[in-house]
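Engineer: This is what each chain is made of:
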Amino acid sequence: MNRERQTIRIENLSTGYRNRKTVMKVNEGISLSAAKGKLIFLTGPNGSGKTTLLKTITGTLRPLKGSIFIKEREITSLRGNAISKIVSVVLTSIPDPGYLTVEEIVTLGRAPYTGFKNRLTEDDNKIIEKSIEMLSLSPLGKRLFSELSDGEKQKTMIARALCQNTDIICMDEPSSHLDFPSRIELISFLKTIAEKENKTVIISSHDLNTALNSADIIWLIEKSNTIHSGAPEDLALSGIIGKVFNRGNFRFSEKTGEFLSESSFSKTITADGPEEAVFWTGKALRKEGLRISHNTEYSGPPEEIKDLLTVRSSGKSYVWSYKKRVFRSIYEVVCFIKQQQGLQ
Amino acid sequence: MAGKQNLKTLILLFTALTVFILDIFTGSVKVPLAEIIKILFTGSSSSDLWREIIINLRLPSAFAALLGGAALSLAGLDMQTFFRNPLAGPYVLGIGSGASLGTALVIMTGITGFAGRTASVTAAVAGAFAVTAVLILVLKRYRNITILLVTGLLAGYFINSIVTILIRYSEHASVRSYINWTMGSFKNITWEDLSFLAPVAVSVMIFHIFMIKQLDLYLLGENYASSMGVDKNRFRYSVLVTTSLLTGAVTSVCGPVSFIGIAAPHFCRSFMKTSRHNVMVPAAILSGSIAALAADIISSLPGRLMAESGIIPGSLPLNAVTALIGVPFVLKVLFRETVHHE
Chain A
1 MNRERQTIRI ENLSTGYRNR KTVMKVNEGI SLSAAKGKLI FLTGPNGSGK TTLLKTITGT
61 LRPLKGSIFI KEREITSLRG NAISKIVSVV LTSIPDPGYL TVEEIVTLGR APYTGFKNRL
121 TEDDNKIIEK SIEMLSLSPL GKRLFSELSD GEKQKTMIAR ALCQNTDIIC MDEPSSHLDF
181 PSRIELISFL KTIAEKENKT VIISSHDLNT ALNSADIIWL IEKSNTIHSG APEDLALSGI
241 IGKVFNRGNF RFSEKTGEFL SESSFSKTIT ADGPEEAVFW TGKALRKEGL RISHNTEYSG
301 PPEEIKDLLT VRSSGKSYVW SYKKRVFRSI YEVVCFIKQQ QGLQ
Chain B
1 MAGKQNLKTL ILLFTALTVF ILDIFTGSVK VPLAEIIKIL FTGSSSSDLW REIIINLRLP
61 SAFAALLGGA ALSLAGLDMQ TFFRNPLAGP YVLGIGSGAS LGTALVIMTG ITGFAGRTAS
121 VTAAVAGAFA VTAVLILVLK RYRNITILLV TGLLAGYFIN SIVTILIRYS EHASVRSYIN
181 WTMGSFKNIT WEDLSFLAPV AVSVMIFHIF MIKQLDLYLL GENYASSMGV DKNRFRYSVL
241 VTTSLLTGAV TSVCGPVSFI GIAAPHFCRS FMKTSRHNVM VPAAILSGSI AALAADIISS
301 LPGRLMAESG IIPGSLPLNA VTALIGVPFV LKVLFRETVH HE
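The listed protein sequences correspond, in order, to chains A and B. Once you know that position 170 of the first sequence is 170 in this note's numbering, the rest is easy, because the numbers rise by one and skip nothing. Once you know that position 54 of the second sequence is 54 in this note's numbering, the rest is easy, because the numbers rise by one and skip nothing.
Facing chain B, from chain A, some residues (calculated, C-beta under 8 Å):
no.	residue
1	Leu91
2	Gly98
3	Asn118
Using 25 Å as the maximum straight-line C-alpha spacing, the simulated DSS-like pairs for lysine-lysine come out as follows:
no.	chain 1	residue 1	chain 2	residue 2
4	A	Lys71	A	Lys196
5	B	Lys232	A	Lys65
6	B	Lys4	A	Lys117
7	B	Lys4	A	Lys142
8	A	Lys130	A	Lys36
9	A	Lys287	A	Lys324
10	A	Lys191	A	Lys130
11	A	Lys25	B	Lys140
12	B	Lys232	A	Lys21
13	A	Lys283	A	Lys316
14	B	Lys273	A	Lys142
15	B	Lys232	A	Lys85
16	A	Lys196	A	Lys36
17	A	Lys142	B	Lys8
18	A	Lys153	B	Lys273
19	B	Lys232	A	Lys117
20	A	Lys117	B	Lys273
21	B	Lys8	A	Lys117
22	A	Lys255	A	Lys243
23	A	Lys85	A	Lys65
24	B	Lys187	B	Lys38
25	A	Lys191	A	Lys38
26	A	Lys21	B	Lys140
27	A	Lys267	A	Lys287
Per label pair, the in silico range of CB-to-CB distance:
no.	chain 1	residue 1	chain 2	residue 2	range
28	A	Arg119	B	Leu137	34 to 40 Å
29	B	Ile165	A	His206	51 to 57 Å
30	A	Arg119	B	Thr164	50 to 56 Å
Don't read these hints as lab results, they were simulated from the structure. As the structure is a computational prediction, the values presented were derived from the model and not from experiment. Quick reminder that beta carbons are idealized off the backbone N, C-alpha and C, glycines included.
Extracted from the complex, chain B is given alone in its bound form:
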């Protein structure tokens, strides 16, 4: 059993590395293979444009997908275990909307550059934190998953309407940049953006070493977990902090990237055939990365085809890709996990 799971984790690792490399090698501008390898290993190229594309566009974009996908999937795993609900995910329960509101406020004010980035990440994390805190309070008080889901859904509507009002009274340029942001993208990510995302994502992943045991106990529900020695207040706080840091950081940098957070942990569970978190945490991280990188590659495919045929290059909106693949997958999981009635 354990040997098989190790093998499967290795398969995921190998796949993640493969799609990571593929992501660097594909894009809307054709760069010769030999040149890419030369640039990656020596940092120099016969064309400054190619060098610029690889070093400052494709590499940061691939890293953003690698980290962003992993972070969203891990946040989804935490939430699905904590709320004991297969539909929990960073953007299902309104947490992503909280992050969006934070980001929207910053984009609309027009602060840019380093200060803008800092403000935007902080605001997104704060927004995510606020919504998660409300959800945990609701769960503590009513212990009812339907009420929780409805609260998350309504919180999302509520926050989105605030954003709509903001848009109505904002300048054209900032609205446009906000709308672009809501489509989600791993493109146009700078190394500076990564310097915000990477430390947050990596440190939360490392912190999970201390959460694995409690997450396992939470599979039996909060009452059993606390009867077996989990300090439930402290653990609630851990989940609150990890999910809002992960969701907030990714959302502010890459926009709200839907469905990876809910679908990737499900894929892992049925692929690894276990719910144990010593297996699930690394598997969720890797499969989140794979999903995000694959979505990034797919979203840039039409751009590439069009570029070759001489039409203006452009990529598909990332959120459209993740939703088109994610929705059928989530439905499949939902149908399979629900006892079917006539």
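Same shape as in the complex, but just chain A:
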């Protein structure tokens, strides 16, 4: 990678915890780099060392060995609050600061740049305003933080991190308290921020689905001395995702990008009808160990295939028919087929 575009370069890094007597190594021999404007997901199975690596990058933990360069400066050589001008942090846990407004919390992000009196310059105020706008928090500016929803609270913490004006923003599971839509919204915000503001955003997360759908780069920890780096699609296609996450019968399908149970299918049912209905019916049957095949080649009268599952739709209501019986929901279809299976 071109060195000018690089914001962070990790060389032969060993992470872990050290106290007076013992050293507990978590990962070793890590070499990674990242460019500006990229959204990076740091992921891996539970206990693989995501948080430890993130803490080492943010300077909370000292590396056991090796170096981290941010803009060609070794972070362990940084003194005082210098690192807080280069790396900002958003944590999983949402703080409880008492009576503070959204604006006041975002303003705290300017702390590394202000003197002990915390006096703000014209420029500081502009950056604060811009950060609040970027996360669409303007209408909430004067509200108390404690009155917001979890999603809004986390957005406030991110606006504060933006205010810190750092090249790198590190986040530890920032969306784990959020419901699904807020999570998607948050991640898309982060992607925009990375691109527009030319920052490197590193998110530690075990949410592989979101990582696959949103990341520019995934840093995937396989085991203590192996970390893969690449676009999610490259990692999927090359089978690395499967290699790291496959558990027993649950395997990552390179075709659908999903984890499926690959217990041998006992039977294949041919179905015909609108694509979306067949898709969801197939998903339900798969849980019962049945494969579904969409009958697209055959064009004659559908009744001629033995045991064809047909779906007819009018608007958003669907009707299933199978073995001369009619069903009003997927649930009924599955119950019936399961019963049939049991009889055989």
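Model the placement of chain B on the given structure of chain A, informed by the hints.
Structural biologist: Just chain B now, with coordinates in the frame of chain A:
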């Protein structure tokens, strides 16, 4: 917002001055109003007794309440912000017990006078320092507020049992003076006592100018604060030193005055409607003073009534007054801040 908060700070300042003056004007002996004003402005009076009461009893007592209340409230504010816990306070986490042990050791040895005072203040500060240091170590290691509170509580029991053993083997007179001291009082404070309390309290208050920014960042917790440039080791040390100096100095001079340190910062937060420390530090100082002065006035009321009706004069124990008012208040805060379940 800021204008409103300035106005509220002025209200607190005005109230503090009012109760300060009221405290000088009330007491168990009735001194005519005109005489008090004359004594305060000219330093002379037709009665030597009245002059003695105002100059050497009521004035030092009012100043002790003013400074002591402010110091305890400020220590409470620091601890509540640092430990991110509404129940933190100088006497909740065993810090006051540390100070008490220091003082007890000195009282029991019977050293009096200037040497006794110096020894007692130093021992109290050292005792408070030791307990605070243990608490910070516990927090650093376990990061768990329940463990912190339990440690503080147990430290208090542990230290109190040492004091009990000391009492068991001490002379009658020194035990009595220790017991009186544990009731807490702003009375019987001498100008010499104030010469210990005032410099410590005032210099720590001034030092807070340099702590305001870090305290604000600590509202988001230690991890966020350090990610925004606070040197957490240095800041821990600052909190350690300020809280133990404040608690130690007040405890050794006025005894363990309970509840002001925990209740006054809570009152401020809900009165000022902010947690920002540029507002909270002055507000906590002023409301601590108000609480202490008011408690001092209340504790001397029955004495005054009894004196008028000819019964032997005496004042209520200060700690009883602060607890009777403080306990319901702290409970109210606790209930309001906790999400309520069925």
